[in-house]
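Line by line, the protein sequences give chains A and B.
Our numbering numbers the first residue of the first sequence as 1 and each following residue consecutively.
Our numbering numbers the first residue of the second sequence as 1 and each following residue consecutively.
I should point out that these hints are in silico values taken from the structure, not numbers from a laboratory.
For every residue, glycine included, the Cβ atom is placed at its ideal position computed from N, Cα and C.
It cannot be assumed that every hint is accurate.
The following label-pair restraints were derived from C-beta to C-beta distances [stated by the list, open to error]:
#1 A:Q20 x B:S59: 31 to 39 Å
#2 A:T105 x B:R36: 16 to 24 Å
#3 A:T207 x B:D162: 34 to 42 Å
#4 A:T237 x B:G15: 22 to 30 Å
#5 B:G31 x A:P144: 18 to 26 Å
#6 B:A223 x A:S167: 21 to 29 Å
#7 B:P153 x A:N166: 32 to 40 Å
#8 B:R36 x A:T211: 32 to 40 Å
#9 A:N166 x B:A223: 23 to 31 Å
#10 A:L61 x B:T207: 27 to 35 Å
#11 A:Q113 x B:D162: 33 to 41 Å
#12 B:D28 x A:N166: 55 to 63 Å
Take a look at the letters that make up each chain.
2 protein chains.
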Amino acid sequence: MNRRLLLVSNSTLYGGGYLQHCQHNISDFFGKQVTRILFVPYALHDRDAYTRTARDKLSSLGYEVDSVHEAADPVEAVRKAEAIFIGGGNTFRLLKALYDNNLVTEIKKRVFQDGVPYMGSSAGTNVATVSINTTNDMPIVYPPSFSGIGLVPFNINPHYLDSDPNSRHMGETREQRITQYHEELNTPCVLGLREGSMLLVEGNKATLLGTTNARLFQRGKEASEHDPGSDLSFLLTDAQ
Amino acid sequence: MNRRLLLVSNSTLYGGGYLQHCQHNISDFFGKQVTRILFVPYALHDRDAYTRTARDKLSSLGYEVDSVHEAADPVEAVRKAEAIFIGGGNTFRLLKALYDNNLVTEIKKRVFQDGVPYMGSSAGTNVATVSINTTNDMPIVYPPSFSGIGLVPFNINPHYLDSDPNSRHMGETREQRITQYHEELNTPCVLGLREGSMLLVEGNKATLLGTTNARLFQRGKEASEHDPGSDLSFLLTDAQ
Chain A
1 MNRRLLLVSN STLYGGGYLQ HCQHNISDFF GKQVTRILFV PYALHDRDAY
51 TRTARDKLSS LGYEVDSVHE AADPVEAVRK AEAIFIGGGN TFRLLKALYD
101 NNLVTEIKKR VFQDGVPYMG SSAGTNVATV SINTTNDMPI VYPPSFSGIG
151 LVPFNINPHY LDSDPNSRHM GETREQRITQ YHEELNTPCV LGLREGSMLL
201 VEGNKATLLG TTNARLFQRG KEASEHDPGS DLSFLLTDAQ
Chain B
1 MNRRLLLVSN STLYGGGYLQ HCQHNISDFF GKQVTRILFV PYALHDRDAY
51 TRTARDKLSS LGYEVDSVHE AADPVEAVRK AEAIFIGGGN TFRLLKALYD
101 NNLVTEIKKR VFQDGVPYMG SSAGTNVATV SINTTNDMPI VYPPSFSGIG
151 LVPFNINPHY LDSDPNSRHM GETREQRITQ YHEELNTPCV LGLREGSMLL
201 VEGNKATLLG TTNARLFQRG KEASEHDPGS DLSFLLTDAQ
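Kindly generate the complete structure, drawing on both the sequences and the hints.
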């Protein structure tokens, strides 16, 4: 399996510009052989403005950007893509648009069969996993399913946030929400990617990159912490 | 229309016990004529434990509690209910269970046709509105629809939270999330109920109760602040 994925927790890190904190990871990931990247702006309402933002940044790294929303036939655009980048925003809006445009199966096929490199950020990371059951977003639209593209056999919680011991707000903490998910039957494990971290997947090897630890939640087990550089390849086997 | 609703933002306020901050509102709302309340514990995994918590609190206020999950026939339990209370937890889990048990239409009928008083807290408030599109919860299960019971013609965001100017976290603020909802077509207005506030609806009259302001979001308009005691009856007309 020649799958190649870069699953980023967040597009912007506090104090930095769009994709600035991970720009060297992006350059390493797409490398010199990729010249054009197909961008998917579906997670934000203003697709033109979002495409401009992505195009500006990726062109500064040496890549041309086509946006799937500018293509006459989005499926055909995916079929021809050298590389795919799905940006962040609202995960429900993004997944619904992927289904509405028949792209879920097509993207999976390109990644698994043709080795097309896939980069996701935030919502674009959520939809790459088993399901969007562990997104943080507000369910502003109703997608036909919560199933994601399924490029990895586990879920991710991007923008993972530790609970604030001084908070007086009584909403559930992020850890409590993920624990509620694991009260449901047959739920896969959830990798909490703190802002600043990302997961690189190359075939059956998974490596945590970035500057922050990740927290892993497995149903019926204690949560565990993993440093940047950790080998998380065990997450890629189906029986976790 | 003799609908009577008490829609509470949060079950527990910082430093207090379960339903403590709104216990006098509960007593006023159900009054002396109600003797038994049908409790719906579907939003939490452990329904027995949750029922004990609700039973303990409501019996201290003088009400007997039956739980719908203990009934042989949940629909029949709703048909016979004197009063209904749906508790908080995970909104997706709650709404799915309401659909799975065929209770959505039945509860609506009892409230609108028979004037059965309905109290909701947090997730139980979300499901009483047009839709759960503005819940804060993690989508841990996939309900057959996001449409709620429709006891009011607008949406509520419970546990409404102002943004923290000192935060370095880059996830969307609550206001940004609701703004994203209003980027979608034909979306109703959203009443942000801060912790400590609740909405009392009696027929076509709506009054904000509790100790905190509410923030109202209307599509294409500036958000507005409303003090406790405000008359919000204008929200009950369909053309907002």
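Structure-based check of each hint:
Between Q20 (chain A) and S59 (chain B) the Cβ separation comes to about 57 Å, which falls outside the hinted range of 31 to 39 Å. Distance hint check: the CB atoms of T105 (chain A) and R36 (chain B) are about 52 Å apart, inconsistent with the given range 16 to 24 Å. Between T207 (chain A) and D162 (chain B) the beta carbon distance is about 39 Å. The supplied range of 34 to 42 Å therefore holds. At about 46 Å, the beta-carbon gap between T237 (chain A) and G15 (chain B) misses the expected band of 22 to 30 Å.
Checked against the hint of 18 to 26 Å, the pair G31 (chain B) and P144 (chain A) fails, with Cβ atoms roughly 45 Å apart. With their beta carbons about 23 Å apart, A223 (chain B) and S167 (chain A) fall inside the hinted range of 21 to 29 Å. The hint said 32 to 40 Å for the Cβ distance between P153 (chain B) and N166 (chain A), and at roughly 38 Å that hint holds. Between R36 (chain B) and T211 (chain A) the C-beta distance comes to about 57 Å, which lies outside the given range of 32 to 40 Å.
For N166 (chain A) and A223 (chain B), the Cβ-Cβ distance of about 27 Å falls inside the hinted range of 23 to 31 Å, so the restraint holds. L61 (chain A) and T207 (chain B) have their C-beta atoms about 56 Å apart, which leaves the hinted 27 to 35 Å range violated. A beta carbon spacing of about 48 Å between Q113 (chain A) and D162 (chain B) contradicts the range 33 to 41 Å that was offered as a hint. For the pair D28 (chain B) and N166 (chain A), the beta carbons lie near 34 Å from each other, so the given range of 55 to 63 Å is not met.
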